[in-house]
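K.L.:
So the chains spell out like this:
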Amino acid sequence: MSVITIASSKGGPGKTTVCQALATSLAGELRVVALDADPTQALSRWAANAYEGPPIEVLAEPDETRLAHLIAAKADAADLVLVDTAGFGNRAATVAMTSADAVLVPSLSGEADVTEAEKTIRLVAALAQAARREIPARVLLNRVRRTTLARHAAAELEAAGLPRMTVTLSDLVAYGEMTYSGRLAASGQPAAEIAALIAELRELGWVSVHALQQHVAS
Amino acid sequence: MKTLKQRSANSRPSPEAALSIATTAAPNLPPAQLGSRDRPTTLNIRLRSSTFAAITGRARERGMTIKQVLCQALADAGVAVAEADLEDRTPRRRG
Numbered sequence: 001m002s003v004i005t006i007a008s009s010k011g012g013p014g015k016t017t018v019c020q021a022l023a024t025s026l027a028g029e030l031r032v033v034a035l036d037a038d039p040t041q042a043l044s045r046w047a048a049n050a051y052e053g054p055p056i057e058v059l060a061e062p063d064e065t066r067l068a069h070l071i072a073a074k075a076d077a078a079d080l081v082l083v084d085t086a087g088f089g090n091r092a093a094t095v096a097m098t099s100a101d102a103v104l105v106p107s108l109s110g111e112a113d114v115t116e117a118e119k120t121i122r123l124v125a126a127l128a129q130a131a132r133r134e135i136p137a138r139v140l141l142n143r144v145r146r147t148t149l150a151r152h153a154a155a156e157l158e159a160a161g162l163p164r165m166t167v168t169l170s171d172l173v174a175y176g177e178m179t180y181s182g183r184l185a186a187s188g189q190p191a192a193e194i195a196a197l198i199a200e201l202r203e204l205g206w207v208s209v210h211a212l213q214q215h216v217a218s
Numbered sequence: 219m220k221t222l223k224q225r226s227a228n229s230r231p232s233p234e235a236a237l238s239i240a241t242t243a244a245p246n247l248p249p250a251q252l253g254s255r256d257r258p259t260t261l262n263i264r265l266r267s268s269t270f271a272a273i274t275g276r277a278r279e280r281g282m283t284i285k286q287v288l289c290q291a292l293a294d295a296g297v298a299v300a301e302a303d304l305e306d307r308t309p310r311r312r313g
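The listed protein sequences correspond, in order, to chains X and G.
Per my numbering, residue 1 is the first one in the first sequence, and the count goes up by one each step.
Per my numbering, residue 219 is the first one in the second sequence, and the count goes up by one each step.
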């Protein structure tokens with residue numbers, strides 16, 4: 001029903017972690033499909049070896065042609081399709097952004113991260129124009145600490161006119177632990193942050209409230 | 219009566235359209251997976267001219283490459299042909 005691509009042309013801003021956290025937290029309510037378009041297959045390995053929560057269908061597909069067809073097929077069958085992409089400009093990520101209903105662009109606070117987040121947002125805008133449809137995209141500041149650097153990164157995004165999520169994710173050990181344990185703590189700061197992120201995604205209409213209600217009712 | 223298309227019908231593009239849009243908007247990007255364990259190799263075979271003519275004729279009829287005709291026949295016969303060998307990957311000029 002809803003396709004969210006998680007992308008950035010920079011490696012290491014937390015794309016896979018965000019994908020894991022969203023999938024883990026939404027799988028109980030929604031039929032979630034996660035497509036792993038990153039050839040490192042970190043998401044697929046996590047799903048196969050560590051994940052312990054409600055069922056998520058995870059499929060690895062770095063080939064852009066097959067990925068395009070997979071997204072179309074799964075978008076019809078699932079409530080939410082998350083597409084995790086590789087951390088460099090590549091065809092599969094571009095196709096995933098073109099096919100998405102929305103694009104989430106995780107970014108750290110460093111200059112290179114913010115610059116690549118901007119490039120990714122601009123690419124989504126170009127793809128949306130070429131496709132003659134709206135593809136909303138927002139930067140999600142990740143691994144944020146209460147420092148001047150984080151405030152500066154937020155100011156830089158604002159100055160560049162880049163839309164960003166109000167919610168930010170903190171630099172917490174729990175997110176790293178989730179990649180090994182396959183679960184995110186049900187309470188505490190990480191759970192609250194992901195819940196706030198999901199609430200904002202719902203508010204934006206990126207995660208369908210209708211699907212949530214339908215699934216809970218059935 | 220003119221058929222005027224809606225400028226921003228916000229439906230997802232078809233897979234073919236998404237591929238085409240992505241290629242047009244960002245033509246120089248590499249594939250996500252640069253290397254593959256299933257590396258390409260070469261097969262040379264000597265055939266009678268009549269066999270070769272029959273294969274090329276069939277390829278022309280079906281709008282396929284010679285390699286596709288051969289690989290498709292092998293796949294139909296149960297040989298495990300890699301999916302990449304069933305695709306037309308002939309480089310084409312733009313414009």
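Just to be clear, a hint being listed does not mean it is correct.
[What the hints assert, rightly or not] Partner residues are not named here, just some residues of chain X that face chain G (Cβ under 10 Å, in silico): (1) Asp38; (2) Ala42; (3) Ser44; (4) Gly53; (5) Arg66; (6) Ala92; (7) Arg145; (8) Thr148.
[What the hints assert, rightly or not] Sample of chain X residues at the chain G side, in silico, Cβ under 8 Å: (9) Val3; (10) Ala37; (11) Pro39; (12) Ala60; (13) Thr65; (14) Ala68; (15) His69; (16) Ala75; (17) Asp79; (18) Arg91; (19) Ala131.
These aren't lab readings, by the way, just hints derived from the structure by calculation.
Don't be surprised by glycine CBs; every beta carbon is placed ideally from N, CA and C.
K.L.:
Can you verify the interface hint for histidine 69 of chain X: is its Cβ closer than 8 Å to any Cβ in chain G?
P.N.:
Since the shortest Cβ distance to chain G is 5 Å, the answer is holds.
K.L.:
With 8 Å as the cut and Cβ atoms as the points, is arginine 91 of chain X at the interface with chain G?
P.N.:
holds (5 Å)
K.L.:
Go through the hint on arginine 66 of chain X and say holds or violated, using the shortest Cβ distance to chain G against 10 Å.
P.N.:
holds (8 Å)
K.L.:
Against chain G, with CB atoms and a cut of 8 Å, does the hint on proline 39 of chain X hold up?
P.N.:
holds (4 Å)
K.L.:
So, alanine 68 of chain X near chain G? Judge it on the closest CB pair being under 8 Å.
P.N.:
holds (4 Å)
K.L.:
Do the numbers back the hint for alanine 60 of chain X, that is, is its least Cβ distance to chain G under 8 Å?
P.N.:
violated (10 Å)
K.L.:
The hint names valine 3 of chain X as touching chain G; please verify it with the least Cβ-Cβ distance against 8 Å.
P.N.:
holds (7 Å)
K.L.:
Measuring from the C-beta of alanine 75 of chain X to each C-beta in chain G, is the shortest one below 8 Å?
P.N.:
With a closest approach of 6 Å, the alanine 75 of chain X hint holds.
K.L.:
Are arginine 145 of chain X and chain G close enough, Cβ to Cβ, to be under 10 Å, as the hint says?
P.N.:
Not OK, violated: arginine 145 of chain X not within 10 Å of chain G, min 31 Å.
K.L.:
When the nearest CB of chain G is found for aspartate 38 of chain X, is that gap smaller than 10 Å?
P.N.:
Holds: closest Cβ of chain G sits about 7 Å from aspartate 38 of chain X, inside 10 Å.
K.L.:
Double-check threonine 65 of chain X for me: the hint is only fine if its C-beta lies closer than 8 Å to a C-beta in chain G.
P.N.:
holds (6 Å)
K.L.:
Holds or violated: is there a CB of chain G closer than 8 Å to the CB of aspartate 79 of chain X?
P.N.:
At about 15 Å, which exceeds the 8 Å cut-off, the nearest Cβ of chain G leaves the hint on aspartate 79 of chain X violated.
Violated hints, in rising order: 2, 3, 4, 7, 8, 12 and 17; the structure is consistent with all others.
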